[in-house]
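Undergrad: Once you've looked at the hints, dock chains L and A against the given chain Z.
Protein chains in written order, with the numbering used here: chain Z, 11 to 423; chain L, 10 to 275; chain A, 159 to 550.
Hints were generated in silico from the structure; no laboratory data involved. Model, not experiment: these values are computed from the prediction. Any given hint could be a false lead.
Stated by the list, open to error - Derived pair list, reagent style EDC-like, types lysine to aspartate or glutamate, alpha-carbon separation capped at 16 Å:
hint, chain 1, residue 1, chain 2, residue 2
1, Z, Lys177, Z, Asp200
2, Z, Lys117, Z, Glu134
3, Z, Lys215, L, Asp175
4, Z, Lys215, L, Glu43
5, Z, Lys215, L, Asp176
6, A, Lys435, A, Asp521
7, L, Lys113, L, Glu103
8, Z, Lys215, L, Asp169
9, L, Lys113, L, Asp196
10, Z, Lys391, Z, Asp159
11, Z, Lys117, A, Asp411
12, L, Lys164, L, Asp35
13, L, Lys257, L, Asp110
14, L, Lys228, L, Asp100
15, L, Lys125, L, Asp161
Unchecked claim - Not close to chain L: a few residues of chain Z, all C-beta gaps over 10 Å, as computed:
hint, residue
16, Leu24
17, Arg69
18, Ser74
19, Asn249
Claimed, not checked - Covered stretches of chain Z (in silico footprint by chain L; criterion: 3 or more residues with CB under 8 Å from a CB of chain L, positions within the stretch not fixed):
hint, segment
20, 207-220
21, 235-242
For glycine and all other residues, C-beta sits at the position ideal for the given N, C-alpha and C.
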Amino acid sequence: MTEPLVRPKRKNPLKRTRLPLSPQGTRSRTAHGLTAAAAEGRFALQTCLDCGAVVYPPRDACPSCLSARLPFRDVANGGTLLAETTVQTSTDPYFRERMPWRVGAVKLDAGPIVVAHLHGDVVESGRVRLEFKLDRSGSAVAIALPEKDTQNMADDPHLREMTCDPKFRRVLITDGRSVVGQAMAKTFSDAGAGIVFVGLANVWKPFPGLDTLRKIERVEIIPLDITDTESVTEQAEQNGARIDIVVNTAEHVRAGGIVGRHGMTIAREEMDIRYFGLLRLAQAFGPVLRSRGADGVNSATAFVNLLSVHALMNWPEFGSYSAAEAACLSAAQCMRAELRPGGVKVVNVMFGPLDTEWFQTVPPPKVTPAALANAVIRALKQGVEDVFVGDVAEDVRARLAVNPKALEREMAG
Amino acid sequence: MADHVAPIDLLAFARAVSSGDVRVIDLTQTLAQEFPTIVLPPELGQCAPFRIEEVSRYDERGPAWYWNNISLGEHTGTHFDAPIHWISGKDLPENAVDTIDVRKFIAPACVIDCSKECAANPDFALTIPFVKQWEAHHGQIEPGSWVLLRTDWSKRSYPDYAGLRDDGAHTPGPEPAVVKWFVEARDVHGFGTETIGTDFGQGHHFNPPYPAHFYMHGKGRFGLQCLTNLDLLPPKGAIIIAAPLKIKQGSGSPLRVLALVAAAAK
Amino acid sequence: MASGMTRKPYDGVVACAPVTIPYRRYSTNSAQWWIGRALHALIKAAGLRPSDIDGFAASSFTIAPDTAVGLTQHFGLTPRWLDHIPFGGASGIVALRRAARAVQAGDAEIVACVGGDTNHVDSFRKTLSTFSRFAQDAVYPYGSGGANASFALITKNYMNRYGARREDFAKLCIAQRDNALSIPHAMMKRKLTLDEYMSARPIADPIHLFDCVMPCAGAEAFLVCREDIAKSLDLPAIRILSTVERHNAYPTDPIQVRGGWALDADELWSMAGLKPKDVDFVETYDDYPVIMMMQIEDTGFCKKGEGPDFVRTHSFTNEGTFPHNTSGGQLSVGQAGAGGGFLGLTEAMHQLIGKPIGTQVPDARIGLVSGFGMINYDRGLSSCAAVLARAA
Chain Z
11 MTEPLVRPKR KNPLKRTRLP LSPQGTRSRT AHGLTAAAAE GRFALQTCLD CGAVVYPPRD
71 ACPSCLSARL PFRDVANGGT LLAETTVQTS TDPYFRERMP WRVGAVKLDA GPIVVAHLHG
131 DVVESGRVRL EFKLDRSGSA VAIALPEKDT QNMADDPHLR EMTCDPKFRR VLITDGRSVV
191 GQAMAKTFSD AGAGIVFVGL ANVWKPFPGL DTLRKIERVE IIPLDITDTE SVTEQAEQNG
251 ARIDIVVNTA EHVRAGGIVG RHGMTIAREE MDIRYFGLLR LAQAFGPVLR SRGADGVNSA
311 TAFVNLLSVH ALMNWPEFGS YSAAEAACLS AAQCMRAELR PGGVKVVNVM FGPLDTEWFQ
371 TVPPPKVTPA ALANAVIRAL KQGVEDVFVG DVAEDVRARL AVNPKALERE MAG
Chain L
10 MADHVAPIDL LAFARAVSSG DVRVIDLTQT LAQEFPTIVL PPELGQCAPF RIEEVSRYDE
70 RGPAWYWNNI SLGEHTGTHF DAPIHWISGK DLPENAVDTI DVRKFIAPAC VIDCSKECAA
130 NPDFALTIPF VKQWEAHHGQ IEPGSWVLLR TDWSKRSYPD YAGLRDDGAH TPGPEPAVVK
190 WFVEARDVHG FGTETIGTDF GQGHHFNPPY PAHFYMHGKG RFGLQCLTNL DLLPPKGAII
250 IAAPLKIKQG SGSPLRVLAL VAAAAK
Chain A
159 MASGMTRKPY DGVVACAPVT IPYRRYSTNS AQWWIGRALH ALIKAAGLRP SDIDGFAASS
219 FTIAPDTAVG LTQHFGLTPR WLDHIPFGGA SGIVALRRAA RAVQAGDAEI VACVGGDTNH
279 VDSFRKTLST FSRFAQDAVY PYGSGGANAS FALITKNYMN RYGARREDFA KLCIAQRDNA
339 LSIPHAMMKR KLTLDEYMSA RPIADPIHLF DCVMPCAGAE AFLVCREDIA KSLDLPAIRI
399 LSTVERHNAY PTDPIQVRGG WALDADELWS MAGLKPKDVD FVETYDDYPV IMMMQIEDTG
459 FCKKGEGPDF VRTHSFTNEG TFPHNTSGGQ LSVGQAGAGG GFLGLTEAMH QLIGKPIGTQ
519 VPDARIGLVS GFGMINYDRG LSSCAAVLAR AA
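In isolation and in its complexed conformation, chain Z is listed as follows (with noise of 0.2 Å):
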């Protein structure tokens, strides 16, 4: 049974913060096809078309009919734990400083061995489920888990290098006066994070929701512009050091295309609570939560940006709102390589039309606040990094792999 997690003791200000270090990340091209399984929490392996063999590790030829058809397909994730070991000593400064480390033969039932990180839970011999996840270096892993959910399982030292789990955390929420960051700030406190700082911006400006969002439990509200440089840099230098996860609720949504708009002053404003805003939260808060990836258990973990899926695909009727989630989508991407030598995960949430004042005119199906908020904590118990939340934002997903063009044709109605 794994151990609960204590509350981690308040840090000693005076105490070296150790340096953040990660297991070598480097793999042969295709075996990223399990590093984008593992990005969205799914478990696929190369299945070859001809034979149907399922192959690990992965190949570019089918050992068993040297077929070059062989798609990354999800595949079942339970086998047999067939060997452990507990590996004492390492040559990689990572593993060194968390010996011991075990690791065990996996023979999954789908047919392959897979030598995989153990969760302390699971048993040789015994029946194990198989998980792709990301290490800190940001490449697919794959960790034998309890067949059966166990008892604080998620606190287990080893899974938890590789989830960015709320627990104990310290999050911002930058914008609490939409109702996302209200949701957000509830489910956060609901998921047992340490601290959830909330950023309002312009607090002469009342709005419904102050109230409530000030009673609940370890919810403490401070400035924060995310259009303002100064102010977003002073709150980083004011608590950046105790900030372990960033969720950027700073949203503009507003109808229009880009043809048929007005001037540019909707767009500018796009660009600079959305993109500009990203940026400036980057580089207040980037640096300190990379620099703090191995600072015990609330150890910086994730920078969570909430995305339009028009992000991937515009949506002409939100035309220019969809062009800056694209500009954000794309800084997300520089982001992970910069946060990456920290193990600091960059997690894109990528949502359909939500459940709020700004989509009143978009027929369901839409994502509630609520919906979307529990979405960003699933994905951090499970450490994803890329998250599609609602039936819209899956059918984008689902129509964008099959043909980018005929979606593109399709939204211009």
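TA: Chains L and A only, in chain Z's frame:
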């Protein structure tokens, strides 16, 4: 011909400024990011708040110099409203900040103190009787004068300053009748306030809505808002220097508003 | 796999002039330096000029970015036959059998076979992390325990399945250590006791410190030529009675319990015209004790799963009932990279010639050498073996 008129001794004026015989009072709020701006329904176009981005600060971006890029709306911070700002003044000649006769940037001011009334009542509305009562004490408002409304609003915290409630802003301002009267009966130069706008917070419900904008700009008069330090001015006798930036067809402009007051005047 | 065709014997071809460049724990010299020393030692031992060497086979993990081709210019060789054999623990025997066929066919006359590596302070970690694509993709990111962790799983499984105990592995290791005490350049210079073995610090359970080799720098080499040339050079010669080589045998075994020897043992012995009991000593590839046990089983000394019992009923020092790893093997003298794949072969040649570096196995006329190499993912892929005899 005016050659028989003795030339004005501007040097003496400069010496008086320097010596303090003429006091210079800054009526300007500091341009700062957190300073409230006008709030409109979110689906409408919005006035950009003041923003400042460091270009370099003796660093790799510019080793020996410090400077910033700023962005803001024409109506951000302490600012000047030109007649072109309002639909009622859109077709007037010389109605934009770049075309207004520069002589109009210097004018005397009458300061109507209603700070006591406003202290208890954010919905204080200026009326003709109130102004007439002021005139009874201080004499009639001369043509060509700025009318500045002292409310001490500039001393308030930002939430109180913006005065936003569920039904919109609650800040003091003029009734329609008094604005019309200022323009028609007193031929004022313009109207200035400490609040975010020249109009009453709930001015949307007036007829016409936003009368300070409607009447003043409709007759080619100006507005000043977000003023401060009005409590340092005499009811009469201050000269206002309010020269907006020369923005091409600008509807207004943030500016430094200065008041010149003879030392003996207060 | 029965082809129906009988393999040609290596008649008239011999191996000779085994040389060892004494090992060092760490070296600031390059692999090229170590291979160069070995080539130099070969020509000195044989009384040749470099230009007499017309065939060259090189094995090394640390010559990057060179290959064997680059080495020819480096060493001023102009061979007409060249091979690069980066097969780790299988390198020596594979080099031998290829060189032998080249000589037999007349493609080369005198082939120098060299295995050697340097060991810089950081080479071991670098070798591990880039050992293979599968290691990079699917092994190294899992604790980076290297071969220790992979063999831990193989050992654990073997112990679970066949009842081997750590004491059994200890017996092999202790005997080898005894054999190594007479080798001046051995990394391990002290006798190993059962108690020390059992209480050694764990590396990756059930692998403990004395189950592991110590990486070091060094080189091993020998010549392959026609028997008449060896005679003309006055070199004692070793006959090659039989060899086998196999890669990726039994790919569907979930965890490795046997190597390719099991597939090829019959062929090995029938080609040699001998039985396992005919050999006077055995050199197995000894990166971990469990692999030695598998080689003893798979080359035919006992059945699968009887390894533990075989160990319990034999003694393995040079004077014992089953002289094994007669110079102490890599576990005692150190693992000089690909040189480790030559070590058993050169030692067997020394023994058969009668001039071992350490102690002589009494009356050593026939020896079995087996090789094992390349943990690509979860198991060693390459296996090979050779039966050698002193030339009459």
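Undergrad: Please verify whether Lys164 of chain L and Asp35 of chain L have alpha carbons no more than 16 Å apart.
TA: At roughly 15 Å apart (the allowed maximum being 16 Å), Asp35 of chain L and Lys164 of chain L satisfy the hint.
Undergrad: Is Lys113 of chain L close enough to Glu103 of chain L, meaning Cα to Cα at most 16 Å?
TA: With Cα atoms ~11 Å apart, Lys113 of chain L and Glu103 of chain L stay inside 16 Å; holds.
Undergrad: Take a quick look at Arg69 of chain Z and tell me if its Cβ sits farther than 10 Å from every Cβ on chain L, holds or violated.
TA: Label holds. Min Cβ-Cβ 48 Å, cutoff 10 Å.
Undergrad: Do the alpha carbons of Lys113 of chain L and Asp196 of chain L lie within 16 Å of each other, as the hint requires?
TA: 14 Å, holds
Undergrad: Against the 16 Å threshold, does the CA-CA distance of Lys125 of chain L and Asp161 of chain L hold or violate the hint?
TA: 9 Å, holds
Undergrad: Compare the distance between the alpha carbons of Lys215 of chain Z and Asp169 of chain L with 16 Å, and conclude whether the hinted pair is satisfied.
TA: 10 Å, holds
Undergrad: Hey, Lys228 of chain L versus Asp100 of chain L, does the alpha-carbon distance stay inside 16 Å?
TA: 11 Å, holds
Undergrad: Are the Cα positions of Lys215 of chain Z and Asp175 of chain L separated by 16 Å at most?
TA: 10 Å, holds
Undergrad: Once the closest CB in chain L is found, is it more than 10 Å from Leu24 of chain Z?
TA: The claim stands: Leu24 of chain Z keeps its Cβ more than 10 Å from every Cβ of chain L (closest is about 30 Å).
Undergrad: Please settle this one: Asn249 of chain Z was flagged as non-interface, so is its CB more than 10 Å from every CB on chain L?
TA: Check passes; 18 Å lies beyond 10 Å.
Undergrad: Does Lys177 of chain Z pair with Asp200 of chain Z here, judged by a C-alpha cut-off of 16 Å?
TA: 9 Å, holds
Undergrad: Quick one, are Lys215 of chain Z and Asp176 of chain L close enough, alpha carbons at most 16 Å?
TA: 12 Å, holds
Of the numbered hints stated above, none is contradicted by the structure.
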